Amino acid sequence: GDSVTQMEGPVTLSEEAFLTINCTYTATGYPSLFWYVQYPGEGLQLLLKATKADDKGSNKGFEATYRKETTSFHLEKGSVQVSDSAVYFCALPYSSASKIIFGSGTRLSIRP
Amino acid sequence: DTGVSQNPRHKITKRGQNVTFRCDPISEHNRLYWYRQTLGQGPEFLTYFQNEAQLEKSRLLSDRFSAERPKGSFSTLEIQRTEQGDSAMYLCASSTSTGGEKLFFGSGTQLSVL
Numbered sequence: 250g251d252s253v254t255q256m257e258g259p260v261t262l263s264e265e266a267f268l269t270i271n272c273t274y275t276a277t278g279y280p281s282l283f284w285y286v287q288y289p290g291e292g293l294q295l296l297l298k299a300t301k302a303d304d305k306g307s308n309k310g311f312e313a314t315y316r317k318e319t320t321s322f323h324l325e326k327g328s329v330q331v332s333d334s335a336v337y338f339c340a341l342p343y344s345s346a347s348k349i350i351f352g353s354g355t356r357l358s359i360r361p
Numbered sequence: 004d005t006g007v008s009q010n011p012r013h014k015i016t017k018r019g020q021n022v023t024f025r026c027d028p029i030s031e032h033n034r035l036y037w038y039r040q041t042l043g044q045g046p047e048f049l050t051y052f053q054n055e056a057q058l059e060k061s062r063l064l065s066d067r068f069s070a071e072r073p074k075g076s077f078s079t080l081e082i083q084r085t086e087q088g089d090s091a092m093y094l095c096a097s098s099t100s101t102g103g104e105k106l107f108f109g110s111g112t113q114l115s116v117l
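So the protein sequences, as listed, match chains A and B. Number 269 in the numbering used here belongs to position 20 of the first sequence; there are no gaps in the numbering. Number 94 in the numbering used here belongs to position 91 of the second sequence; there are no gaps in the numbering.
Only chain A is shown next, with the shape it has when bound in the complex (with noise of 0.2 Å):
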């Protein structure tokens, strides 16, 4: 079935280092693709989407491209901040959009 698989954290890196967090996807078609992203003591909300291929979502300095070739839909940041240290995961809609299925989240801890 459908499902995303990213990779495993925790990720610890120094502010202003450049940023990779994997996620590569299988589904029928080509469904939209997300980044929620869960900061400490709040409730998860959507950092970024792309909805068809090559596309590329952005927001907050983070950007990620719809590769259907690799199946992959990897986040990135140039220059990560303290502030950006937070829960991420990657997701896809299934079930004709009325449900939306969750990597299991790359913890992410930004040093000073």
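Everything labelled a hint here was simulated from the structure, so no lab data went into it. No experiment lies behind these values; they were computed from the predicted model shown. Treat the hints loosely; a few may be bogus.
Cross-link-like lysine-lysine pairs, in silico, DSSO-like; alpha carbons within 30 Å at most [claimed, not checked]:
#1 A:K317 to A:K305
#2 A:K317 to B:K105
#3 B:K105 to A:K301
#4 A:K305 to A:K326
#5 B:K74 to B:K14
#6 A:K326 to B:K105
#7 A:K301 to A:K317
#8 B:K105 to B:K14
#9 A:K326 to A:K309
#10 B:K17 to B:K60
#11 A:K305 to B:K105
#12 B:K105 to A:K309
#13 B:K60 to B:K14
#14 A:K301 to B:K60
#15 A:K326 to A:K301
#16 B:K60 to B:K105
#17 B:K60 to B:K74
#18 B:K105 to B:K74
Given chain A's structure and the hints, the job is docking chain B onto it.
Chain B alone, transformed into the frame defined by chain A:
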């Protein structure tokens, strides 16, 4: 817009007891979802409502679990005869039917079954 509200934030119970959680979605959202999240895992889908109709239930949802959304507004999730394996964070999310891919999550109810 106060966001999705869940109560209580924490619940500690003894094995075999019943517990009930409440979710108040964003007022104009007609879709409401329940998810369960355990440590180190992503949220797992449990069930969802469109207005008051429960349209889908996961196979993860045993007969001990029941969810309601009687007036198409708030929802309750009840777990009967709790087991230690039920310990998890229970998340509620809501969305519009046209923006169903963008979910708005509450902060969750952390259940600990002793």
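Status of each hint after checking the structure:
no. : hint             : verdict
1   : A:K317 to A:K305 : holds, 12 Å
2   : A:K317 to B:K105 : holds, 22 Å
3   : B:K105 to A:K301 : holds, 16 Å
4   : A:K305 to A:K326 : holds, 13 Å
5   : B:K74 to B:K14   : holds, 25 Å
6   : A:K326 to B:K105 : holds, 22 Å
7   : A:K301 to A:K317 : holds, 9 Å
8   : B:K105 to B:K14  : holds, 28 Å
9   : A:K326 to A:K309 : holds, 9 Å
10  : B:K17 to B:K60   : holds, 26 Å
11  : A:K305 to B:K105 : holds, 17 Å
12  : B:K105 to A:K309 : holds, 17 Å
13  : B:K60 to B:K14   : holds, 23 Å
14  : A:K301 to B:K60  : holds, 28 Å
15  : A:K326 to A:K301 : holds, 21 Å
16  : B:K60 to B:K105  : holds, 20 Å
17  : B:K60 to B:K74   : holds, 19 Å
18  : B:K105 to B:K74  : holds, 23 Å
In summary, this structure violates none of the numbered hints.
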